[in-house]
Each structure stands twice: as C-alpha cells, then as structure tokens.
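Trainee: Single-letter residue listing:
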Amino acid sequence: MPAAPTPGSRLRLTALLAPPLLWLTLAYLGSLGILLLSAFWATDSFTSDVVHTWNTDNFHELLTTPVYRTIALRTLSIAVAVTVIDALLALPMAFCMARVAGRRWRRPLLVAVLTPLWAGYLVKAYAWRVMLGEDGVVGAALAPFGLHGPGYGTTAVIIVLAYLWLPYMILPVYAALERLPERMLEASADLGAGAWRTLRSVVLPAVRPAVFAGSVFTFSLSLGDYLTVQIVGGKTQLLGNVIASQVTLDLPMAAALSAVPVVLIVCYLAAVRRAGALDSL
Amino acid sequence: MRKRKTSAWRSAAAVCALLLTAAGCGSGADDDKGGHAPDKLGKGEGKVNIIAWAGYAEDGSNDPKVDWVHPFEKKTGCQVNTKTAGTSDEMVSLMKTGQYDTVSASGDATLRLIASGDAAPVNTKLVPNYKDIFPALKNQPFNSKDGRMYGIPHGRGANLLMYRTDKVKPAPDSWRAVFDDSARYGGHVTAYDSPIYIADAALYLMRAKPSLGIKNPYALDQKQLDAAVSLLKKQHKAVGEYWSDYQKEITAFKGGDSVIGTTWQVIANLTKAEKAPVKAVLPKEGATGWSDTWMVSAKAEHPNCAYKWLDWIVSPKVNAQVAEYFGEAPSNRKACAETSDPNHCAIFHADDEKYFQRVHFWTTPIKECLDGRKDASCTDYAQWTRAWTEVKG
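So the protein lines, in turn, are chains X and S. First residue of the first sequence: 1, per my numbering; consecutive thereafter. First residue of the second sequence: 1, per my numbering; consecutive thereafter.
I should point out that these hints are in silico values taken from the structure, not numbers from a laboratory. All values derive from a computational prediction rather than experimental measurement. A couple of the hints might just be wrong.
List time: in silico DSS-like cross-link candidates among lysine-lysine, alpha-carbon distance up to 25 Å [to be verified]:
#1 S:Lys254 - X:Lys124
#2 S:Lys233 - S:Lys284
#3 S:Lys75 - S:Lys317
#4 S:Lys209 - S:Lys317
#5 S:Lys43 - S:Lys317
#6 S:Lys248 - X:Lys124
Work the whole structure out from these sequences, hints included.
Mentor: Okay, here's the thing in structure tokens:
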C-alpha cells in the first residue's frame, strides 16, 4: 500500500505532469479544436478566403455527396488491409526472432527490423515507385511466370504502406513473445497439446494485446497517409489527398473532411479498448 | 544546415499563422485591401522569396548552362529563394501565407489574388523594362483592375499534347486521343491534376459536340459542366495517374507508365533530354494555355528586391533565356533579338494575336458567364473543384 502523498510530493507530481498535460491540451487538443471549429465556417468561392459565417453546410455536403463516402470507405479498407497484412507478417517474424532464433541472434535480428525505420520515408516510397513502374524489377520478376506487376494504384498503396509500417507491428509483438514464460509452453505440451493447439490457446491470447497495440499504429498511420498515395497510388484518391488538395482551396471543407479520420480513429481506439488491449498501458 | 533551420522555423510560423487565421478574430478589415504600389524604390533587402512555375527561376541546378538566378544575385545582392509550385491553387495558397514577395501567377490565379488582397498593384514606372512589353499583354482583364496593372507580364504559351513516339501510332493531332479514344492507351493516359483541367475537356467539346454551345471553356453552365465532367469520368478509366509535379511526369513518360497526355513545352524538353522518345504538339482544336504575370505580394517583406526581380526577369536577355528554356512566347519585344534561335519569336508567335486566339488562357471561372451570356448562370471555381474531386472518384 503506497504511503499517503505528502504536500511536497504532490507538488512535485504536479510539476512533473504539467508539461505533458499542457502539451496535450494546448498543442494537440487545442489545434484539433480550432481545426474542427473552422469546419463550421465558409469559403469565398472566388478568392478562397475563409469567411467567418457559422454554418453546417460542409458537414451536410460531406454526408450527402457520394464521392466522399466512396473515398472514406476506400481509405478505411486500405487501412484495415494494411493492418491485417502487417499482423500476418509480423506474427511469424516476431515468433522466429523471439522463440526460434538463438539468444545470440536476437539483437542482430531486432536491429535488422529496426534499421529501415531510420531510412527516409520518401526514399523508401520512391524506391517502390521505381520498383513497381512499367520497367521496374517487380514486373520483371513476375514476367517469367506470365504475370503482370500491380502497377500504380490501390494494390501498390497497400503494399508500400504495409512495408513502411511493418516494424511498428513487429516490435510490440516481439516484446510480448519474448516475455511469454517458457513454463507456459511447457505446461501446454505436458497437458498434451500439439504445436498448433499451443499456438492457438496459449501464444495467440498472450500476444493479442500486442497485436492490437501495433494495429493502432498501422491503422492510424495508414488512415492519415497521403504521400505514398501520391507517389505510387496512380489515380487513387484517399482522404489525405482530398484534404491536402482542399486545404489550398477550401480550408473549412478540408477541416470537415479531416473530422472523418479523427472519428474513425476514436471508434477504433474504443473498439480496441473494449477488446482489452489497452489495459496494460 | 542553417537553411534547413530557417525553413523549419518558417513552417512553424506558417502553422501559427494558419491557426491565427483560422482562429479568426474577425479583424480582416477590408479598407487596406491589396496594399499600395510604392512611389520609389529603396535599397535591396538582401533577399527575395519567389513562387515560380518550374523552369522560371533556374539557378543551374537542372542544367548548368541555364542560370539567370546567380547573375541576378550577383548584380543586385538579393539572394533568391525559389519555391516551385505545381498548380495555380498551390500558388494562391502559398501567397496567402505572406512569406513570399513575388509570384509568377497565371490567369486563373491573378484575379483571385487581386480580389483577396494578397497581391498589390504594381507601379510600372519602377520597372524600366515594362515599356518594351508587347502592348497586347498590358492592361488585360486577367492582370489589371480599374486600369491599374497588378503585375508585369512574363510570357504566354499553350498546354500541349505529349506522346511517346514508340507507343502512340499514328501520331495524334487531336485531343480526341486522350478523350474519346483514350481507351486505346488504357492505364497509360495522364492528365493535369487541377480543377482547371476541366477546361481542356470543354475545349475538346467545343469542336466535338457543337450542340452543347460552348463558346469559352471557362464559361460553362451546369449542363455544359456536366458534359465535360462525364467526358472526364470516361477518360478517368484510361488514366494511369494525374500529374502536377513536373518531375513526376518526366519519370512517368521516361519509364513508359504514361504514354500520352497534357504537358508543357519545358517538360517535353526535359523528357527529351533524358533520352525518352517523346513529342509535343498543339492539336488542331487549339489548346488551353497560360499568360503569366509576375505579381508582388501585398505583404512583401522584400519589396525592393521583388521589383528588381520583376525588372530582371522581363529584361530582354533574361526574358529570352526563360522563353527559350520554358518554350513559350516572351513578353518583351526586345527579347526576340536575344534568343539563340533567331526564329524563336516566330515559332512561338510572340506577337501573333491571331494565333493566341486559338489558345484559351487559364481564367478563373465565375458565376457571371465570361463569354458574355446574360441569360445563363455559369459554374464557379468552387463547383469545378468539387466536380474535379468527383471525376477522380
């Protein structure tokens, strides 16, 4: 049982918590608030200047124009696809790193997974643009099998985003697997479970919160991304692109549009929380 | 290193400015809209921040032989920071930040900048080379207001049709190739990524569907806009990607991801320089195009250097260099004697008003029909913007 806080320690705690709380409320929530506020303003259609007249036209248009729904759904599906692919790739990779590879190999493998994070985002995305291009290596590698590369488009966006965010998924899963006590696996074997059964009943439940934690990264990063789409997306339009192009022309509409990913993320976090993935935080 | 730091600070400042504007306070008093033209010039401020189309402010980094920025810096002591913009919309929004002194605005941006008070009127007496500008470019509806010039005309040209000579046969001479026949190059057609591209479809419809009665591609009533949009949606199926970044278009044509689409002469030249087999033509329907004007920001921090740049960029020799590099008609009459190809002005029809009647210069579409129709209401740029989002789907 912790001792009752003395006035001195309470002061210290306040001093300690003040900067991050100030940061959260002023810099983050404050700017979000201003952004959402401007969604209720209008734009002069000629000069693109913001006109400060209060109205809900932007949200009305957002909800009634089919094209915005299509774009929002497309963005959501891409984010989900990227998350699923990353989870499917990360589980065996993290398992090999944490459980199969010898202790000596863990650190080099971890470094290998982390190194790509230090390379520039744009460098990696443009490298994929070259590889996926008409005369790129992907097409050349598939040609002998009579297949065609995906070219630029939605598939290319999913591939590149899954590649970019993969380390964010591997890391938490690896950490969870490494912490998994050896005894539990042994107990499972002693009780007569095969490898498959152990994976399903022991390993997966243990890493589930880690997968959800990783998915928050892959999901939210994919939802907000607009550069990858510009580079390898061909003519694909995602929420991020529409927001970026509207910011120059119609700031209030862009603000209304950016409420969509915010709402989606909040819903996602709530769902993840209900699944119990944030309990360990 | 220092430069990077400054730009980080600058973007931080931009974010703050954006938040402040967003926060509103309703202090936007209109009485001082647009600022004033100076009566005389002072000493240079040591630097000038400009927004330019690709190819307008070359400092030798694309091609060591093409450099008119360093000589300017040496002569005036004004250090040039160039921001290249891909679309007029980008230029308009960059000008709103107030961090730039001058911009090479096209006709679809100029009036918006004047109306919003972001561009100041220009005292043409302080730009000695202004007297040699072709009269046809002065006091035009897209660069002046109430008889006052809002900039110095730079040059004009057309949006051309570029194609890969090895993949597009026979050679196209009509915009039909990227509209009604676009399926032939399915997945490899490219188009300019801006709402103003709707005018290209309207221009094609002027000839292809006379029953629509389009007289001016920037004056479309709802029915005409719908027709253009449905044509663009049809084209969308064949489009591989849209471009606004000129580098992106160069690599796309070089690699064969794009084989046909709109371009500027400068992009065609750069793509050819990279050994890609491309050709650019002015199709028989004519084309959309641009007439550019160097404008000064109403909030210019370095107005003296900005005026020095204005005078420099339209001076005969430099104007000739830019016009040849970009592939456009120069605005300065005397530039025609300075081009390395003596026929440049003839080829690009520098003083040929008949020719430029075939080129429909970018103009911002507004509610009042620009073609003079009184019985119809036209679609404005906001509607075009929404339509463009819909075209891309």
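Trainee: Hint by hint, say whether it matches the structure.
Mentor: Taking the hints in turn, this is what the structure says about them:
Using a Cα cut-off of 25 Å, the hinted pair Lys254 (chain S) and Lys124 (chain X) holds, with the two alpha carbons roughly 20 Å apart. Straight-line distance between C-alpha atoms of Lys233 (chain S) and Lys284 (chain S) comes to about 23 Å, which keeps the hinted pair within the 25 Å bound. Distance check on the hinted pair: Lys75 (chain S) and Lys317 (chain S) sit about 14 Å apart at the alpha-carbon level, within 25 Å; holds. For the hint pairing Lys209 (chain S) with Lys317 (chain S), the CA-to-CA distance comes to about 44 Å; that exceeds 25 Å, so the pair is violated.
Only pairs whose Cα atoms come within 25 Å are accepted, and Lys43 (chain S) paired with Lys317 (chain S) is accepted, the gap being roughly 24 Å. The straight-line distance between the Cα atoms of Lys248 (chain S) and Lys124 (chain X) is roughly 16 Å, inside the 25 Å bound, and the hint therefore holds.
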